[in-house]
Amino acid sequence: MVNTEVPKMNDIYKLLSQIKDPEIPEINIIELGILRNVEFENNKYKISITPTYSGCPAMKMIENQISEILKNNFYDFEIITNLSPAWTTDWMTDEGKKKLIESGITPPQKNFNSIEFKLNKINCPYCNSVKTILKSEFGSTACKSFYFCENCLTPFDYFKSI
Amino acid sequence: MNLKNKNVVDYLLQLGDDRLILGHRLSEWCGHAPILEEDIALANIAQDCLGQATFFLNAAAEEIGNGKTTDDLAYLRNPNQFKNLLIMELPKGDFAFTIFRQFLVDNYTFLLYQQLQNSKHNQIANIAQKSLKEVKYHLRHSSEWVLRLGDGTEISHEKSQNALNELWAYTNELFNENEIEKKLAEENIAIESFKLKNEWLDKVTQHLKTATLKILENKEENIFNGRSGKHTEHLDHLLSEMQIVVRAYPGAKW
Ligand SMILES: [Zn+2]
Numbered sequence: 009m010v011n012t013e014v015p016k017m018n019d020i021y022k023l024l025s026q027i028k029d030p031e032i033p034e035i036n037i038i039e040l041g042i043l044r045n046v047e048f049e050n051n052k053y054k055i056s057i058t059p060t061y062s063g064c065p066a067m068k069m070i071e072n073q074i075s076e077i078l079k080n081n082f083y084d085f086e087i088i089t090n091l092s093p094a095w096t097t098d099w100m101t102d103e104g105k106k107k108l109i110e111s112g113i114t115p116p117q118k119n120f121n122s123i124e125f126k127l128n129k130i131n132c133p134y135c136n137s138v139k140t141i142l143k144s145e146f147g148s149t150a151c152k153s154f155y156f157c158e159n160c161l162t163p164f165d166y167f168k169s170i
Numbered sequence: 011m012n013l014k015n016k017n018v019v020d021y022l023l024q025l026g027d028d029r030l031i032l033g034h035r036l037s038e039w040c041g042h043a044p045i046l047e048e049d050i051a052l053a054n055i056a057q058d059c060l061g062q063a064t065f066f067l068n069a070a071a072e073e074i075g076n077g078k079t080t081d082d083l084a085y086l087r088n089p090n091q092f093k094n095l096l097i098m099e100l101p102k103g104d105f106a107f108t109i110f111r112q113f114l115v116d117n118y119t120f121l122l123y124q125q126l127q128n129s130k131h132n133q134i135a136n137i138a139q140k141s142l143k144e145v146k147y148h149l150r151h152s153s154e155w156v157l158r159l160g161d162g163t164e165i166s167h168e169k170s171q172n173a174l175n176e177l178w179a180y181t182n183e184l185f186n187e188n189e190i191e192k193k194l195a196e197e198n199i200a201i202e203s204f205k206l207k208n209e210w211l212d213k214v215t216q217h218l219k220t221a222t223l224k225i226l227e228n229k230e231e232n233i234f235n236g237r238s239g240k241h242t243e244h245l246d247h248l249l250s251e252m253q254i255v256v257r258a259y260p261g262a263k264w
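For the record, the sequence lines run as chains A and B. Quick note on my numbering: the first sequence kicks off at 9 and runs consecutively. Quick note on my numbering: the second sequence kicks off at 11 and runs consecutively.
If we strip away everything but chain B, and leave its shape as in the complex, we get (with noise of 0.2 Å):
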């Protein structure tokens, strides 16, 4: 594989674990939902990012050739090959923390498919295209829940605010600068994360303080990153149940 090649890879591996290890988090939510309807909405929205996730890797298992499947990326890889940002990787904690890391991730993920339709990779852009219409039911869900909750009663809303306050140190790792996206902008192919910053910020902003929410600027520098892969020991745990039975039994078929 040329280098080219190597970083379209690593690229569609991004792509596609985070809607991989955010799905699998969503899914979690089937059957323990605070209510019905919202057991059905996480369970659709989570079969909509498993969904997603399976056009980027089969993508980046086309890329790579030799008969690599998309099976065997995601559940024949070690925690430390997988590139999804820290925050989808997280314990699904309570339904508050769910619906604001939701609503964070979506905003960003509307943005960044918004820009990946014009992608000079045509497989990028085709999935883009078509995912981009399922992220605009799942952000305008999660953000109905973040001015619900936010602005609901004292205890939503301070359940809304912590878990706000946890996850915000999570969201600078959105717009990290990495070196894979910048080589393949010069192509086209990719976007620079940073660059949806400020538009990001703007919207996510408003949209909390009109759910009566503060964000509190944490200063404390992550040291880990997911896109190089070193992982919170979260991701370990998600992967050994997630894979364990294409392990237990290689090859199985049912």
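Only chain A is shown next, with the shape it has when bound in the complex (with noise of 0.2 Å):
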């Protein structure tokens, strides 16, 4: 049996919302921004994801979970990979950045998409001091960055911005 009689939008999209980013479990795949669009043609459901990092080994298991869930729920289904636009940490909804902080990352600030660093202060999520600094910005995954907060002396991560 295959589920392509009526488009259910909505349905496919609450489904889907269960998708979390495997590095931050907190966050599913549409406040990240790597869900660009679903669309009904012939007869079949069009996913397209944009990946975040180039070698972020996430993609590949979110992608294989889109899969699993839809086979589960019997749609007919193709995922299409996008680069372009490339992703950007902007496309992360404003629910995306409260979850972050409540999991003690900070979320990114908006792009500047330049080469120089241009960081306003970057807020502490425990306790929202601007006293901190940056330790490096490579962190734990691809897409962090490695603070340190001198008020609560707490070290934690900063969503990079690109």
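Where hints are given, some of them may not hold.
[As the list claims (entries may be wrong)] Think about it this way: if two alpha-carbon atoms lie no more than 20 Å apart in a straight line, the pair counts; the simulated SDA-like pairs of lysine to any residue are:
(1) A:LYS143 - B:ALA43
(2) A:LYS143 - B:ILE45
(3) B:LYS130 - B:LYS205
(4) B:LYS146 - A:GLU145
(5) A:LYS143 - B:ARG150
(6) A:LYS143 - B:LYS263
(7) B:LYS213 - B:ASP104
(8) A:LYS129 - B:PHE120
(9) B:LYS263 - A:PRO65
(10) B:LYS207 - B:LEU121
(11) A:LYS143 - B:ASP49
Simulated from the structure, these hints should not be mistaken for lab results. Since the model is a prediction, treat every value here as computed from it, not as a measurement.
Dock the two chains into a complex; use the hints.
What follows is the structure in structure tokens.
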């Protein structure tokens, strides 16, 4: 049985919102801006996704999870990976940013797309202080940098803006 | 495959092999970097390079057709079929050597991808646009370290200057004229890399000067040529390690 009778976009989005980033399990692929579009065409759902970082190992897992959840719900579908326009942290939703703070990660600032390091002060996700220092631009995963809060003496991740 | 396709494939292999081989060299630092933050940084950068290589080699495999896969291109070609620049395959050396190679290559890659964003070949343009965002982070990372090491202690300065002296002889090759680039540039698919040289030289020279380092012109002509498959022996060793599992267990899945 293949469930293609009526295009049920809301149902599809609801299903796909269950898929989380394996490296930040608090936040789903819609909030992250990875899921770009769902179209119904020729009795098939076309799911467009955009990779975050080129070498991000989570992308393959996310793709597999999309396949699995749609197959289990009898949808006929195709997954399309778009590189352009390139993923930007500006696509992250406000809900997603809120969840990041709750899990101890400072959300990305607006992306200036410039080579200079034009960051405003980064707030600590725990105490909101701006007395923070950058320890390394490369953190526990490709998408994060590593900071330290001098106010509450806690290390934390900042979701890099790209 | 017609000649134009063959040129596009060769060009995609150039772009992909540069990132694959450099990414592999960077990955050799995993667990060995002088400090934990750098271990993580170099592994992150390696991951970006390998991801970019995957995109380029995947595009090459699609152009070739006949069921050729990205993995075939990465794991089942011989050294003389690789088209990377020699600077990418040199052994990782000490930390200064890795950082200075990265700095010279990041500046080159930044200028190259900036131009390739406008390539008439859709995939090349899209990959360049995506990768440029990552290369900006890499360039900032290596540039900061060049200052820190060059204008640091007596020992770090000396190690930096030695690394730079050794690497400089390999930078000519970045801007060699190349028949494939020339042909594809006529169709606005590729960029002739020699056209990037002046801007690259300005940027690099200025930054090295700030880092209190000197460029020693090396008159020696390099007899090898990575783009045409003539490599140093270092690539043989690198590939024999990178490819061993796939070659020892053909078709293995895990
Ligand atoms: Zn704090």
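Here is how each hint holds up against the structure:
For a cut-off of 20 Å, the pair hint linking LYS143 (chain A) to ALA43 (chain B) stands: about 16 Å separates their Cα positions. Between LYS143 (chain A) and ILE45 (chain B) the alpha-carbon distance is near 12 Å, which keeps this suggested pair within the 20 Å criterion. Taken as a hint, the LYS130 (chain B) and LYS205 (chain B) pair is honoured in the structure, with Cα atoms around 18 Å apart against an allowance of 20 Å. Our distance criterion of 20 Å between C-alpha atoms is met by LYS146 (chain B) and GLU145 (chain A), whose separation comes to about 12 Å.
Restraint check for LYS143 (chain A) and ARG150 (chain B): satisfied, since their Cα atoms lie roughly 14 Å apart, inside the 20 Å limit. Of the supplied pair hints, the one linking LYS143 (chain A) and LYS263 (chain B) is violated, its CA atoms being roughly 39 Å apart against a limit of 20 Å. A distance of roughly 24 Å separates the Cα atoms of LYS213 (chain B) and ASP104 (chain B); the hinted pair therefore is violated under the 20 Å criterion. Taking the CA atoms of LYS129 (chain A) and PHE120 (chain B), the gap is near 27 Å; set against the 20 Å cutoff, the hint is violated.
With a C-alpha separation of about 17 Å, the suggested pairing of LYS263 (chain B) with PRO65 (chain A) holds against the 20 Å cut-off. Taking the CA atoms of LYS207 (chain B) and LEU121 (chain B), the gap is near 9 Å; set against the 20 Å cutoff, the hint holds. Among the hinted pairs, LYS143 (chain A) with ASP49 (chain B) is consistent with the structure: their alpha-carbon atoms are about 13 Å apart, no more than 20 Å.
Of the hints listed earlier, those the structure fails to meet are numbers 6, 7, 8, in rising order.
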